[in-house]
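Novice: Let the sequences and hints guide you as you build the complete structure.
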Amino acid sequence: MFVVSCVIAVSVDPLFFYLPVINEDDKCLALDRRLKITAICLRSVFDIIYFANMILGFLCPYIDDDANRKYGRTEIVTDALKIRNRYLKSYFLIDILAILPIPQVLVPIIFSKMRSSKFLDIRKFLNAFVLLQYVPRVLRIYLSWTKLNESSRELARRVWIKAAFNIFLYILASHVLGAFWYFFSIQRETACWHIACENHIGCTPSAFYCGRNLGNYTFLDDACPIQTPNTTLVDFGIFLEALQSGTVSSTNILPKILHTFWWGLRNLSSLGQNLQTSTYFWENCFSVFISIFGLLLFLYFIGTVQTYMQMATEKSEEITKNTKRKELEIQLWLSRNKLHDKMKEQIISCIQYRLKEKKDFDTENPIPHLSDIKLTKEIKRYICLPLLKNVQILKNENDQYQLRLICESLKPLYYNENSYILREGEPLTAMLFITQGSVLCFKTNNGENGEGTVSGAQCIEKGMFYGEELLEWGFNGSPEPQLSNLPISKTVKTLTKVEAFALTADQWKILVSRRSQAASHAASRAKRFAQAALARRHLNEKMNKNSPKMAKENSTSSHALGALRLAVPHVVEKQ
Numbered sequence: 030m031f032v033v034s035c036v037i038a039v040s041v042d043p044l045f046f047y048l049p050v051i052n053e054d055d056k057c058l059a060l061d062r063r064l065k066i067t068a069i070c071l072r073s074v075f076d077i078i079y080f081a082n083m084i085l086g087f088l089c090p091y092i093d094d095d096a097n098r099k100y101g102r103t104e105i106v107t108d109a110l111k112i113r114n115r116y117l118k119s120y121f122l123i124d125i126l127a128i129l130p131i132p133q134v135l136v137p138i139i140f141s142k143m144r145s146s147k148f149l150d151i152r153k154f155l156n157a158f159v160l161l162q163y164v165p166r167v168l169r170i171y172l173s174w175t176k177l178n179e180s181s182r183e184l185a186r187r188v189w190i191k192a193a194f195n196i197f198l199y200i201l202a203s204h205v206l207g208a209f210w211y212f213f214s215i216q217r218e219t220a221c222w223h224i225a226c227e228n229h230i231g232c233t234p235s236a237f238y239c240g241r242n243l244g245n246y247t248f249l250d251d252a253c254p255i256q257t258p259n260t261t262l263v264d265f266g267i268f269l270e271a272l273q274s275g276t277v278s279s280t281n282i283l284p285k286i287l288h289t290f291w292w293g294l295r296n297l298s299s300l301g302q303n304l305q306t307s308t309y310f311w312e313n314c315f316s317v318f319i320s321i322f323g324l325l326l327f328l329y330f331i332g333t334v335q336t337y338m339q340m341a342t343e344k345s346e347e348i349t350k351n352t353k354r355k356e357l358e359i360q361l362w363l364s365r366n367k368l369h370d371k372m373k374e375q376i377i378s379c380i381q382y383r384l385k386e387k388k389d390f391d392t393e394n395p396i397p398h399l400s401d402i403k404l405t406k407e408i409k410r411y412i413c414l415p416l417l418k419n420v421q422i423l424k425n426e427n428d429q430y431q432l433r434l435i436c437e438s439l440k441p442l443y444y445n446e447n448s449y450i451l452r453e454g455e456p457l458t459a460m461l462f463i464t465q466g467s468v469l470c471f472k473t474n475n476g477e478n479g480e481g482t483v484s485g486a487q488c489i490e491k492g493m494f495y496g497e498e499l500l501e502w503g504f505n506g507s508p509e510p511q512l513s514n515l516p517i518s519k520t521v522k523t524l525t526k527v528e529a530f531a532l533t534a535d536q537w538k539i540l541v542s543r544r545s546q547a548a549s550h551a552a553s554r555a556k557r558f559a560q561a562a563l564a565r566r567h568l569n570e571k572m573n574k575n576s577p578k579m580a581k582e583n584s585t586s587s588h589a590l591g592a593l594r595l596a597v598p599h600v601v602e603k604q
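The opening position of the sequence shown corresponds to residue 30 in the working numbering, with each subsequent residue numbered one higher.
Read the hints as simulated data drawn from the structure, not as lab findings.
Ideal Cβ positions, reconstructed from N, Cα and C, are used throughout, including at glycine.
Keep in mind that the hints are not guaranteed to be accurate.
[Said to hold, decoys possible] With a cut-off of at most 25 angstroms between alpha-carbon atoms, the simulated DSS-like pairs for lysine-lysine come out as follows:
id	residue 1	residue 2
1	K350	K526
2	K472	K522
3	K406	K538
4	K344	K371
5	K350	K403
6	K424	K371
7	K355	K491
8	K350	K440
9	K371	K406
10	K367	K403
11	K367	K409
12	K355	K367
13	K526	K409
14	K373	K424
15	K355	K373
16	K406	K424
17	K409	K355
18	K409	K440
[Said to hold, decoys possible] For each label pair, taking beta carbons as the anchor points, the in silico distance ranges come out as:
id	residue 1	residue 2	range
19	T257	Q302	24 to 34 angstroms
20	L60	K344	31 to 41 angstroms
21	F330	L117	29 to 39 angstroms
22	P258	A81	47 to 57 angstroms
Specialist: Structure below.
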């Protein structure tokens, strides 16, 4: 906020140079009072912000850079004396010089001296004061911008911010130089008036102030010709355009600022090559300054572009390097899990598309990043179905559809070395199927001396599983197990990097509930079929025991009942 306020304040200061206005008809100088009030109010607002920042400089704690550099720790200094001394030695003098109300005071004084006979003697001194205040103000912006870049690394890395700052410097410099060009143009014409007045009998220089102009000064059109310039009499040089265009006599502030801004931007961008100067010393100094300053801004812009190109090249090389590294890691992952060739091609295609879109993914656990859901399910079934068939409680499961549902519900996980997956005494929230690496499962016993001992340690390696109690919890809690009755886990800690699939408790609960609902629905249908078959059989036996047709239907009913006994024997037998 302070950097932005400083920049806007520097943009407001040139408004003071637009206060003088020349009346070409009466050959007098006026002051734009409405613009004067606006400029003073705006400058006062930003001076208050500047003053508030000076107060904060005496009060706010700061980070000790020496301690951070020497000891590698962040130390905040809160001592009031150290804070005060630090600010006095760093920014205090610059802030004092920058906040001085020089434009508010000196520009009206220079305006009054323009209509005085002594104006030519003190004009240069006052102009120097107005120009020199830009040094501390611009220096404060530079120091604050540098500090902002140091405190925000993300801001420093964003090249577009630097490019925008460079463009803004061009705009600001054009605005300031245009305002000086306007101000110096008026000074150049009034200086010509004073010289001509000294050589003319009956001319009073103090009468050049509008409202006091009582004489006839038409002789100034010949002594200081503007519309038909005569370089033999007077050469206005680079200021002639401002005088001929009527810019110096206009009170419409927006067109005036736009025209002077365009003049500054045009000559700053061309390094002042199009400036046709006279032999006037200070005019040539002003033109040289424009050329040098434009060159510095151009070099800064070239440096920014070069930095951007270097960062873009480094970023491209880094992306290429990371892409190759990730492709290699994916190839290793595919080899470890022994996937078939068709599945490998599909996975590599998905990964390459993700890399092309510059989306990051975990090479140690790529399954969640695959966009093809069907492929994800196939990978889970390919890797995990053999592991599920090794579980004792699922060995008698003849329903392949249920096993596939369990496979598709498994969640791929990756753990670093020496990481705790589960801790003793906590609820067993997941059943783990280890596909790579090994984990240690153990209990801790507290001895008489308070020392803990490990018991029942078991190493679970690739192809093994842990947490079969979770399956029993689901089957025993049918039709809907409760999460509040989860079994208690042992401590499970990784010995190496581990890749695993987890069947979580909430997912297993959903599967068990669906299984129970499906079984209940099947039993209900079997019950209805059994009841209908028995009723039909009894009815046929009573109506006609000797009819061959009825006997055939009775035989069909018996076969249907037998088939139902094979399908759901406990339901039929119960009926």
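Novice: Run through the hints listed earlier and report the numbers of any the structure violates, in increasing order.
Specialist: Per hint list: 4, 5, 6, 8, 14, 20 violated.
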